[in-house]
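Order-wise, the sequence lines are chains A and B.
Every letter in the first sequence is one number past the one before it in this note's numbering, and letter 22, counting from 1, is 22.
For this note's numbering, count along the second sequence from 1 and bump the result up by 1000.
If you're looking for bench data, these hints aren't it; they were derived computationally from the structure.
Misleading hints may appear alongside valid ones.
[Stated by the list, open to error] Within a straight-line C-alpha distance of at most 27 Å, the following computed DSSO-like cross-link-like pairs (lysine-lysine) qualify:
#	chain 1	residue 1	chain 2	residue 2
1	B	K1010	A	K38
2	B	K1252	B	K1010
3	B	K1096	A	K38
4	B	K1009	B	K1096
5	B	K1010	B	K1105
6	B	K1252	B	K1040
Below, each chain spelled out in residue letters.
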Amino acid sequence: MNAVTLDQLQEYLPFLIPIILVEMALMITALVHVLRHKNYRFGNRILWVVLVVCLQIVGPIVYFTIGRGEE
Amino acid sequence: MRAFFVFTKKELVEQLRTYKSLILLSVFFLFGMMSPLLAKLLPEILSGMELQGMKIEIPEPTVLDAYGQFFKNLTQMGLLATLLVFGGILSNEMSKGTLINILAKGLPRYTVLLSKFTAAVLLWSASYGLAAGVNYGYTEYLFENTAVHNLGFSLFCLWLFGCFIIAVILLSSTILSGNFGGLILSAGAIVVMLILNIFPGLEKYNPITLASKNVALLLGTATSADLTWNVVITCLLTLGSLLLSAILFHRKRI
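Chain B with its partners taken away, still in its complex shape (with noise of 0.2 Å):
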């Protein structure tokens, strides 16, 4: 237990030393605070421009304009980023054989993997969090009406995306080798998690609805119940990637 404690400190000193947690905490930070007020200036900054006579019509926007923007920007933007800064935080030490030597002191291989997964979902946490914060406040300043369905669990759908995908980069970076192994397999999961979704059979089970029906959830034409599949779904692969990705871990070679 105290070797998982000092390893996850001494991951998340390297997200400081790194700048991943600069990085990810300022993206984030501005996505917040962007995504409201871009919701408020679209129309002003559309009329602003004249596309040879023709006037575009934009009915005054919403408080669901401004999550909708969150959310958008988040699930693409955001999970690109979360992909670029965490896609190496296994396969970097691999490549560069700095984990030779603690293992041969005797650190367990999973401690490894589990530290690494507690490190990167804590700032993914405080990040996703700061958004979340940052845009919650600006959108009840900036609109008046501000009330919509499920806003917690929309809110946690996604926050539980990013920690499956956390699992996935840990589970590619042990299957594939190479400083941009785990980045590609993890980025290839999400295309064909992308594509199985357009069955409408899957969509009730598949982890990616989580980061699609945020927004459907705050209209409430989805409820929370329609997706308890997702989420224990989603819970049961985090899981299983993780010890899949120790049973892995601990028959290859480094």
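Bound conformation, chain A alone (with noise of 0.2 Å):
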């Protein structure tokens, strides 16, 4: 069924490591503001924290796009 083998897998490591970095770093440092902050623009932090984790990449832009709130 799947038809990329391990060899092709360590072949494109180099790409995947630093795309999982990124997404890594985008993920907590949203995490971090999400727990370190108590408004939201809307929503409430279990929704947020659902959705910086679960959604990668997407979940962070859009937590510090519109999701943000004030100081």
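Since each chain comes alone in its own frame, lean on the hints to assemble the complex.
See the structure below:
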């Protein structure tokens, strides 16, 4: 079923690692921000934690652009 | 002039503190990296799927597929991210009232606009440059024959279009009040340009052609001479939007 073998995975590792690193960095900064602030423009803490953790890339971006509340 | 530098610096600091730089840089970095990778891997991903015995044959991916992915990503998701990130640069400050103090102290209003434009263009250029650089590097690494036509000009076109969009955002934010006014009006402007692009006669002058002809430029089916009018008109429209927004902003009650 799966045509991507372990060899191929290894071949593309130099690409996958930076991508995963950036995704994790975004997720962690967003998660820290969600947990340290109480006010959101809408939604609550649980919603944002789920969104930020489960939706890679899109979740943190949506949080920082439209979900983040005022200081 | 000093006020301009100080306010631009404030804008850049704000971009950092509101995570705007982080978002835009990381999103564009990912686009730059994923595009060649996805183009290279697509045949393998598809051959791994069995669609009820149907076999999908895809020719060996070329460097054009990589750039095709790159421009598709940047013109769709990239512009969306740009719109979302820069959509509130003016409207937010107006609705929060943080501009009142400094304007009352004598900062000219056009300086505010010009600083915001400069700071946004700086961030856009940095992110776009990062994406283009990473994409170029990985395409060179992954593909063998990487010769394409007009690469520099094609990249420049999309960059110019991004600058134009930022000017449009500033103009729309001065026309409409409210938090999302600027965002909605600029999105509307893009939709109008997309619709206008259906008419073949207008394609020559429509700024959006700068963001739709990129791959044709690489293929060589379009030349830089074809897009000269688009470039000139987009430059003029960018300056015009800035001027008009300065005039409107001057009259606006804050």
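Results for each hint:
no.: 1; hint: B:K1010 x A:K38; verdict: holds, 26 Å
no.: 2; hint: B:K1252 x B:K1010; verdict: holds, 23 Å
no.: 3; hint: B:K1096 x A:K38; verdict: holds, 19 Å
no.: 4; hint: B:K1009 x B:K1096; verdict: holds, 20 Å
no.: 5; hint: B:K1010 x B:K1105; verdict: holds, 16 Å
no.: 6; hint: B:K1252 x B:K1040; verdict: violated, 52 Å
Checked against the numbered hints listed earlier, the structure breaks hint 6 alone; every other hint is satisfied.
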